[in-house]
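Number of protein chains: 2
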Amino acid sequence: MRIQILGSAAGGRFPQWNCGCGNCRAVRGAGYDDLARKRVAGENGADKDAYKDDGRTKPDASGLAFRGRARTQAQIAVSADGSAWFLAGASPDIAFQIESGSALHPRALRDSPIAGVVLASADLDHVVGLLLLREFQPFRVYAAPSILRILREENSMFAMLNRVEPQVVWTPMNAGRVFPLLSTEGEESGLLCEVHSLAGRYPKYVKTRGLAEEEATAALFFTSGSGKRVAYVPAVGSLSDGLLAKIENVDLLLFDGTFWSDDELQRVQGSSETAHEMGHIPVEESLRLLRNAGTRIGRKMLIHVNNTNPILNEASPEHAAVRQAGWEVAEDNWQVEL
Amino acid sequence: MRIQILGSAAGGRFPQWNCGCGNCRAVRGAGYDDLARKRVAGENGADKDAYKDDGRTKPDASGLAFRGRARTQAQIAVSADGSAWFLAGASPDIAFQIESGSALHPRALRDSPIAGVVLASADLDHVVGLLLLREFQPFRVYAAPSILRILREENSMFAMLNRVEPQVVWTPMNAGRVFPLLSTEGEESGLLCEVHSLAGRYPKYVKTRGLAEEEATAALFFTSGSGKRVAYVPAVGSLSDGLLAKIENVDLLLFDGTFWSDDELQRVQGSSETAHEMGHIPVEESLRLLRNAGTRIGRKMLIHVNNTNPILNEASPEHAAVRQAGWEVAEDNWQVEL
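Order-wise, the sequence lines are chains A and B.
Per this note's numbering: the first sequence = residues 1 to 338.
Per this note's numbering: the second sequence = residues 1 to 338.
Okay, chain A solo, but in the shape it has when bound:
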């Protein structure tokens, strides 16, 4: 099984278009000038040359140097054999992400190796990219019935995915059932998918009332023919026993790395909501809970990292704490083979 991490930031990317927080200023001022996901180089000033090679900027007012990378919005692609690929969500950055490597390039005129998109929620940073995959390409969108309703009944724009025949096939999926992901031709791709329902809310834009609560957000599991398993959990508010049992023994866990601490947005941006109120368990809490639970997990990565999160700075104590606990902070363009 091959996994490509195409994007690793939370909604709004890093840097975020209207944000001038310490992290965004540092990564922007330090060479993020041409859309490239560049190693951050030193700012102008006396420290520039000294810091150039290892990508640090000079220390800021707090005395902490910044060393880190720009990131596009969270997006992974998985494949059994590198021929048919499946996206977990469709980020607003998907077109750039497809061009960032050759695996997802078209193989012929009007032809894409992307055979399907599996949705974990109706969050904008997880679904808007579907509107960018509208050039008459046939593929399947797997989603909970409530999420299909939100997209297709509340938002007329998604009709652009059904202008010709064949184009997008909307496929309802239910939590707890294992189902095969199909190639564009309808054949089994060698990957199985399973959905685990999370206690979450629908996004604030949703108008329809009475939607099934358990269909709002999910953890996605992909299993290969040889039994390797990947868990994709980019947004989760708590670590239930059910979720802990499901992620036991996965070979790769991609887990909610949105915020380091519960009051992060309040401190950095004066926001009135805590991480928990926004449906995200803070990293400092999840690391401790997962360690205490003794859950056995292969490789552990934090993904969906918000621009305000101190772990984006590889020179920070928070980043060091994450690495110390055996976790990695996912970066764009990482590839994993299981």
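It cannot be assumed that every hint is accurate.
Just the calculated beta-carbon pair ranges, DEER-fashion [claimed, not checked]:
id : chain 1 : residue 1 : chain 2 : residue 2 : range
1  : B       : Asp81     : A       : Ala175    : 46 to 56 Å
2  : B       : Arg2      : A       : Ala293    : 48 to 58 Å
3  : A       : Asp111    : B       : Arg163    : 21 to 31 Å
4  : A       : Gly326    : B       : Arg107    : 16 to 26 Å
5  : A       : Ala159    : B       : Ala321    : 49 to 59 Å
6  : A       : Ala325    : B       : Asn162    : 51 to 61 Å
7  : A       : Leu109    : B       : Met278    : 13 to 23 Å
8  : A       : Ala175    : B       : Asn162    : 27 to 37 Å
In short, the hints are calculated from the structure, not lab data.
We treat Cβ as the ideally placed atom computed from N, Cα and C, and that holds for glycine.
Since chain A is already given, all that's left is putting chain B on it; use the hints.
Frame of chain A, contents of chain B only:
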């Protein structure tokens, strides 16, 4: 007045995610590998070094070398003085486009120099970017009443632009009236805007029936305090006398460069629609009509160029014909000062 050309391709960008046409293959194979808008360098093989410096790839099967650049989707920003900026449309690539230069970077925490977005249509490649400008930023969206209805009543996702107070102010605009573009604080920015209604259709996704036909698509005109004028006409099906009169004497015309010929998509992709049927006057026709009409225009650029258009190849006879006629083919990151 300052004008930034942030994107110059038609919907789907260049290269387009699922397209393997000659242009897309050439620009992709030739170094478009990391999201950067790079000068296209030579492919591997014997010709590589010979072509490296001027960015040509080796000749393809047709014997024609490719020399050209990748492009993001059509997007311009205009400003009277470089402090408040106004976007004509909001392309799906807007977040990357904001990061491509420093003028649109935030000046403080949660602060953007983007004060408004003026919409010419409800086309997805012209409006989806609004969904990416949702991080609690106050700005104005100017659009025809019918277009406001499509966004706000048919598509619940746009509610994310009104989660806090102040955030987006939706401002109806009517064809034929000149109105001032306002700063975030509600003061005159020094730019005036005028809308000229075009004979066009609503996008195919639109559900609402009975919308005013004349509000479907528009040409946008921006005028500075010193009387300089820019016309933005990225999608137009015919050159009416009314439009010709309006673009007479503009200092900069950004005009529909989607297709070179009427049957371009049919020949390249087997599509069943002509350029005219898709609401675009082909470039070979508009160049001739504009020349014959004798319209006086300052600087003339083609924008919204589709990935199939031969003018993307600077080595093509079509590109030469455009230049010969006194036109330029707009590129990402161009800046114009009037």
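Status of the hints after comparison with the structure:
1. B:Asp81 / A:Ala175: 46 to 56 Å: Because 55 Å falls inside the window, the suggested range holds.
2. B:Arg2 / A:Ala293: 48 to 58 Å: holds (57 Å)
3. A:Asp111 / B:Arg163: 21 to 31 Å: violated (40 Å)
4. A:Gly326 / B:Arg107: 16 to 26 Å: Distance hint for Gly326 of chain A, Arg107 of chain B is violated at roughly 40 Å.
5. A:Ala159 / B:Ala321: 49 to 59 Å: violated (38 Å)
6. A:Ala325 / B:Asn162: 51 to 61 Å: Violated: the Cβ-Cβ distance is about 40 Å, outside 51 to 61 Å.
7. A:Leu109 / B:Met278: 13 to 23 Å: holds (18 Å)
8. A:Ala175 / B:Asn162: 27 to 37 Å: Since Ala175 of chain A and Asn162 of chain B have Cβ atoms about 32 Å apart, the given range 27 to 37 Å holds.
When each numbered hint is compared with the structure, violations occur for hints 3, 4, 5, 6.
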